[in-house]
Amino acid sequence: MAYLLRRAEVGFLGLGPLVWLIYSSLVNLVCRRYRLIRDLLSTVVTASGKMLGE
1 MAYLLRRAEV
11 GFLGLGPLVW
21 LIYSSLVNLV
31 CRRYRLIRDL
41 LSTVVTASGK
51 MLGE
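Going by our numbering, 53 is the number at position 53 of the sequence shown; the sequence numbering is gapless.
Any given hint could be a false lead.
Claimed, not checked - Here are the computed lysine to any residue pairs in the SDA-like style, where the Cα-Cα straight-line distance is at most 25 Å:
(1) K50 <-> L36
(2) K50 <-> D39
(3) K50 <-> I37
(4) K50 <-> C31
(5) K50 <-> L40
(6) K50 <-> R35
Said to hold, decoys possible - Here are the simulated distance ranges between beta carbons:
(7) I37 <-> Y3: 47 to 57 Å
(8) L21 <-> G49: 34 to 44 Å
(9) R6 <-> L29: 33 to 43 Å
(10) V27 <-> G49: 43 to 53 Å
(11) S42 <-> V10: 45 to 55 Å
(12) V44 <-> E9: 43 to 53 Å
(13) G49 <-> V10: 57 to 67 Å
(14) K50 <-> G16: 48 to 58 Å
(15) V10 <-> R32: 29 to 39 Å
(16) T46 <-> V10: 32 to 42 Å
(17) T46 <-> L15: 38 to 48 Å
These are calculated hints, taken from the structure and not from any lab test.
Keep in mind the model is a prediction, meaning the values are calculated, not measured.
Note that beta-carbon positions come from the ideal geometry of N, C-alpha and C, so glycine has one too.
Using the sequences and the hints, build the whole thing.
Printed below as a string of structure tokens:
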């Protein structure tokens, strides 16, 4: 039983960096997408504000 636990531990440690890489790239992707959406929204708001102002 202890042998199996040790094997699982080693396997998990081996997978750790891979999981971290996938997780960080996903977070990066979401943040980039969020920034794009935020920029787009601010542009639209500014444009509509100018149109309403004129």
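Right, here's what the structure says about each hint:
At roughly 21 Å between alpha-carbon atoms, K50 and L36 fall within 25 Å of each other, so this suggested pair holds. Between the alpha carbons of K50 and D39 the distance comes to roughly 16 Å, so the proposed pair stays at or under 25 Å and holds. Proximity of K50 to I37 is assessed by CA-CA distance (about 20 Å); at most 25 Å being required, the pair is judged to hold. A threshold of 25 Å between alpha carbons decides the hint, and for K50 with C31 the separation of about 28 Å lies outside it, so the pair is violated.
At roughly 15 Å between alpha-carbon atoms, K50 and L40 fall within 25 Å of each other, so this suggested pair holds. Taken as a hint, the K50 and R35 pair is honoured in the structure, with Cα atoms around 22 Å apart against an allowance of 25 Å. The hinted window of 47 to 57 Å between I37 and Y3 holds, with their beta carbons roughly 50 Å apart. Checked against the given bound of 34 to 44 Å, the beta carbons of L21 and G49, roughly 42 Å apart, stay inside it.
Between R6 and L29, the C-beta spacing of about 35 Å keeps the proposed range 33 to 43 Å intact. Look at V27 against G49: about 32 Å separates their beta carbons, and that is not inside 43 to 53 Å. The hinted range of 45 to 55 Å is satisfied by S42 and V10, whose Cβ atoms lie roughly 49 Å apart. At roughly 51 Å, the beta carbons of V44 and E9 sit within the given window of 43 to 53 Å.
Remark: the range hint 57 to 67 Å for G49 to V10 is upheld by a beta-carbon distance near 59 Å. Distance hint check: the CB atoms of K50 and G16 are about 51 Å apart, consistent with the given range 48 to 58 Å. Checked against the hint of 29 to 39 Å, the C-beta distance between V10 and R32 comes to roughly 34 Å, which is consistent with it. For the pair T46 and V10, the supplied restraint of 32 to 42 Å is violated, since their beta-carbon distance comes to about 55 Å.
Checking the proposed 38 to 48 Å range against T46 and L15 shows it holds: the Cβ atoms sit about 46 Å from each other.
Checked against the numbered hints listed earlier, the structure breaks hints 4, 10, 16; every other hint is satisfied.
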